[in-house]
Amino acid sequence: MPSFDTKAIEKIHRDLHTHLPSDPALRVKALESLVVEKGLVAQESIDNWIELYAERIGPKRGAEVIARAWTEPEYHARLMEDAGQAVKDFGYEGHATEHTKAVQNTADTHNLVVCTLCSCYPFSLLGMSPIWYRSAAYRARAVKEPRAVLAEFGVELGADVKVRVWDSTAELRYLVIPERPAGTEGWSADQLAAIITRDSMIGTARDLALEPS
Amino acid sequence: MPSFDTKAIEKIHRDLHTHLPSDPALRVKALESLVVEKGLVAQESIDNWIELYAERIGPKRGAEVIARAWTEPEYHARLMEDAGQAVKDFGYEGHATEHTKAVQNTADTHNLVVCTLCSCYPFSLLGMSPIWYRSAAYRARAVKEPRAVLAEFGVELGADVKVRVWDSTAELRYLVIPERPAGTEGWSADQLAAIITRDSMIGTARDLALEPS
Amino acid sequence: MDGPQDLGGKESFGPIEVDSPEYRDDWERRQWALTKLVTTPGVTIDWFRHALETMPPAVYLSVPYFQKWNANNMALGIDAGAYTLAECVSGKAAVRGASPPVVSVDECEAMQRALSVDFSREIDAQPAFQLGDPVVTDARPSAGHTRLPSYARGARGKVIAHHGAHVFADTGARGDHRAEHLYTVEFRAGDLWSDAEAAEDVVCLDLWEPYLASA
Amino acid sequence: MDGPQDLGGKESFGPIEVDSPEYRDDWERRQWALTKLVTTPGVTIDWFRHALETMPPAVYLSVPYFQKWNANNMALGIDAGAYTLAECVSGKAAVRGASPPVVSVDECEAMQRALSVDFSREIDAQPAFQLGDPVVTDARPSAGHTRLPSYARGARGKVIAHHGAHVFADTGARGDHRAEHLYTVEFRAGDLWSDAEAAEDVVCLDLWEPYLASA
Chain A
2 MPSFDTKAIE
12 KIHRDLHTHL
22 PSDPALRVKA
32 LESLVVEKGL
42 VAQESIDNWI
52 ELYAERIGPK
62 RGAEVIARAW
72 TEPEYHARLM
82 EDAGQAVKDF
92 GYEGHATEHT
102 KAVQNTADTH
112 NLVVCTLCSC
122 YPFSLLGMSP
132 IWYRSAAYRA
142 RAVKEPRAVL
152 AEFGVELGAD
162 VKVRVWDSTA
172 ELRYLVIPER
182 PAGTEGWSAD
192 QLAAIITRDS
202 MIGTARDLAL
212 EPS
Chain B
2 MPSFDTKAIE
12 KIHRDLHTHL
22 PSDPALRVKA
32 LESLVVEKGL
42 VAQESIDNWI
52 ELYAERIGPK
62 RGAEVIARAW
72 TEPEYHARLM
82 EDAGQAVKDF
92 GYEGHATEHT
102 KAVQNTADTH
112 NLVVCTLCSC
122 YPFSLLGMSP
132 IWYRSAAYRA
142 RAVKEPRAVL
152 AEFGVELGAD
162 VKVRVWDSTA
172 ELRYLVIPER
182 PAGTEGWSAD
192 QLAAIITRDS
202 MIGTARDLAL
212 EPS
Chain C
1494 MDGPQDLGGK
1504 ESFGPIEVDS
1514 PEYRDDWERR
1524 QWALTKLVTT
1534 PGVTIDWFRH
1544 ALETMPPAVY
1554 LSVPYFQKWN
1564 ANNMALGIDA
1574 GAYTLAECVS
1584 GKAAVRGASP
1594 PVVSVDECEA
1604 MQRALSVDFS
1614 REIDAQPAFQ
1624 LGDPVVTDAR
1634 PSAGHTRLPS
1644 YARGARGKVI
1654 AHHGAHVFAD
1664 TGARGDHRAE
1674 HLYTVEFRAG
1684 DLWSDAEAAE
1694 DVVCLDLWEP
1704 YLASA
Chain D
1494 MDGPQDLGGK
1504 ESFGPIEVDS
1514 PEYRDDWERR
1524 QWALTKLVTT
1534 PGVTIDWFRH
1544 ALETMPPAVY
1554 LSVPYFQKWN
1564 ANNMALGIDA
1574 GAYTLAECVS
1584 GKAAVRGASP
1594 PVVSVDECEA
1604 MQRALSVDFS
1614 REIDAQPAFQ
1624 LGDPVVTDAR
1634 PSAGHTRLPS
1644 YARGARGKVI
1654 AHHGAHVFAD
1664 TGARGDHRAE
1674 HLYTVEFRAG
1684 DLWSDAEAAE
1694 DVVCLDLWEP
1704 YLASA
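Chains as they are written, first to last, in our numbering: chain A, 2 to 214; chain B, 2 to 214; chain C, 1494 to 1708; chain D, 1494 to 1708.
With the rest of the complex left out, here is chain A (with noise of 0.2 Å):
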């Protein structure tokens, strides 16, 4: 059982820091090894948790969830109401998503969402995060100043649209639902959703393109 005592684990990462090899890759080797040799995984289990992540878990789930809500104004309601139960019509919910709060970006106001703690994310829904996502800039910056932050993603605000940045403290994920783009009238939802970005559904994208990127 874990000892639960800040002390002792922090004299536990202290000794790890001072007796392992500074190459990640060999840490992650040893570890791995180790696991491996005493049973409690199996190495193939470990390629085919990557598999999962590389062939069925992305941003694509999301993007999905997202072109139903634009399409679909009773779906969109049950998101907005709660879109941890709303992404189970997908067989979407999983790692962080059982209270997912989906945040509507409208003309006048952007949501931005990040957790300056760790790195919450609601990752059923969207996937590995990117590494900027788990970066210390932009834990950093993202609360303080959010514009700067997006001016670097190439979005810029102007004084009319509000920011509303969302920090992840507690078990809540965030899921920003960008604006439907002018033109995509009469889209079909698979349409609608080759077209939404991980990024815009962070909140470090905005307007939306109408061809797919």
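Don't read these hints as lab results, they were simulated from the structure.
Since the structure is predicted, the reported quantities are computational estimates derived from the model, not experimental observations.
Each residue gets a CB set at the ideal place from its N, CA and C atoms; glycine is no exception.
Hints are supplied without guarantee of correctness; some may be wrong.
Stated by the list, open to error - In silico BS3-like cross-links for lysine-lysine, where the CA-CA straight-line distance does not exceed 27 Å: (1) D:K1651 <-> B:K12; (2) B:K30 <-> B:K12; (3) B:K8 <-> D:K1529; (4) D:K1585 <-> B:K89; (5) C:K1651 <-> C:K1585.
As the list claims (entries may be wrong) - Quick list of simulated restraints, FRET-style, between CB atoms: (6) C:T1577 <-> A:S23: 48 to 54 Å; (7) D:A1607 <-> B:L211: 35 to 41 Å; (8) A:T110 <-> C:A1708: 52 to 58 Å; (9) A:R57 <-> C:S1592: 21 to 27 Å; (10) D:D1519 <-> B:Q192: 31 to 37 Å; (11) B:A108 <-> C:A1708: 43 to 49 Å; (12) B:G92 <-> C:D1688: 43 to 49 Å; (13) A:M81 <-> C:V1595: 36 to 42 Å; (14) D:A1691 <-> C:A1708: 27 to 33 Å; (15) D:I1653 <-> B:G155: 47 to 53 Å.
Let chain A serve as the given structure and place chains B, C and D on it in line with the hints.
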């Protein structure tokens, strides 16, 4: 002239980090050879500055000041009133001592000095600071858990002794006056100065031994 | 606690690598899988996070994200007695175990789906705050793990949502799964930062009742 | 600003190397001398400190102290046009200068003595606070350089000394040498930390008037 521009200097620091070798000895050699070639300093002056701190400026100065205060009540009063002025009797004014404040340990009070924001120190009275004084661990912990810090230095304080931590946040510097130990009645100022340690003037030591360490 | 993880509003980190991928190296993918497939019994999500916060700060800030997870998995396992430091360093098990069945991709997907964990709980206590209530956050650093970031300490905000009671992170990190009422609190940027880009922008945080007082 | 220098109360740094010497390597002594002997015109003590705070945080926390000073001397010189980045990297001057006279040890000592600098100033404004006054510090992070550490933000304390007006660090870092009244403020440990070792221990800080309000 300096730019006084935070973003500009931050960028320069990042560039230096990218382009300089990681070995600090090489970095210092580069700066030294650059400023010598530019005619900003003579190499021998650097040696002389190092000799100054090796031979003339060190904790012996602070010890002399305190020994005099122990033996001359009038000087003690002046030191407590304005230590920056009082040390000028010895010609010990200098780097970072103009606004020095002496703080007196008593049976029920212990003083401890730190600079959490950089590593301010009364160089002209105590010489170069020890590495631990400049370390993140000391700077982080001295204000929050001074008793645990003191215990690491071998000082165990009872609950009847109140700790006063002085964080040097402005241009005031602090000099702890340790308690004069019993058994030194009749000692000369020179004899007394010999038992006053650097750490006792920072506050990480408390009881002085009767033998010079 | 004021550990290296508390990054909100901290300065001097420079530009964001906006084009960075999900992974730079293959070991990152493998560590991600290892963290999900090999868990140490009794480790709560909050103890996992808290353990990560106790890494040497210079290391926390300088190594890639999944290197931190690697160290944390080792540390949590050593702490709980699942491995020894020597085993982690050598990568060799003192005692070999029987190889477990392979988890197929479909089974991995089912595992992933099962990670949709409900953190809400029914509690007897009535919520202390209502929607629209002005609140002020605790000004002092927490003694242990907390999810009240330092940039939002001693700050005034407004309750904009109540989520019922959720398992409380601060006690969860000590293995105590009590629940407390959880709210979303909205803060004006101008109330958080003296140099806010736009004072009427807002930052919203999910905060448990013990962090809050009436303002 | 909330930079890497703001270490008071931060966690996970581990034990103190209580037996560490003044220097570990000869280059540390040489850098110390270089910093004192070669100054860039117009650099204030506060701009020097502020510049150091803008180092990449992971670097600030991981390199030896005088390596930071080395980088800072280069950065300040580059910023002010005294050197170029290329010169710092190569260690070669684009244009050689005439060698200056050697500063003898006695002259070094006289220079050192002259570093006893009076930072007090006469100002017209009357002090806003008197000895014994209860005060509360600003709760928000400063926009730029500040000497109000984050651990003492939004905290209640008591004025125990007034030092007249001293050159104000926050503006000094921008080259503006105005002065503000300076006080020593005493804080109860129990008012700063939720897990103070002894609530009645105290921490004293020297704080300028703009950091303070009546409590």
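Hint-by-hint comparison with the structure:
1. D:K1651 <-> B:K12: Given that 27 Å is the threshold and the Cα spacing comes to 40 Å, the pair is violated.
2. B:K30 <-> B:K12: holds, 23 Å
3. B:K8 <-> D:K1529: Holds. K8 of chain B to K1529 of chain D sits at ~25 Å (cutoff 27 Å).
4. D:K1585 <-> B:K89: violated, 42 Å
5. C:K1651 <-> C:K1585: violated, 53 Å
6. C:T1577 <-> A:S23: 48 to 54 Å: violated, 21 Å
7. D:A1607 <-> B:L211: 35 to 41 Å: Because 38 Å falls inside the window, the suggested range holds.
8. A:T110 <-> C:A1708: 52 to 58 Å: violated, 25 Å
9. A:R57 <-> C:S1592: 21 to 27 Å: For S1592 of chain C against R57 of chain A, whose Cβ atoms are near 25 Å apart, the range 21 to 27 Å holds.
10. D:D1519 <-> B:Q192: 31 to 37 Å: Since the Cβ atoms of D1519 of chain D and Q192 of chain B sit about 35 Å apart, the hinted range of 31 to 37 Å holds.
11. B:A108 <-> C:A1708: 43 to 49 Å: With Cβ atoms ~44 Å apart, the hint holds.
12. B:G92 <-> C:D1688: 43 to 49 Å: About 45 Å separates the Cβ atoms of G92 of chain B and D1688 of chain C, which means 43 to 49 Å holds.
13. A:M81 <-> C:V1595: 36 to 42 Å: Roughly 41 Å apart at Cβ, these two residues keep to the hinted range, so it holds.
14. D:A1691 <-> C:A1708: 27 to 33 Å: Because 30 Å falls inside the window, the suggested range holds.
15. D:I1653 <-> B:G155: 47 to 53 Å: Roughly 29 Å apart at Cβ, these two residues miss the hinted range, so it is violated.
In this structure, the earlier hints numbered 1, 4, 5, 6, 8 and 15 are contradicted, and the remaining ones agree with it.
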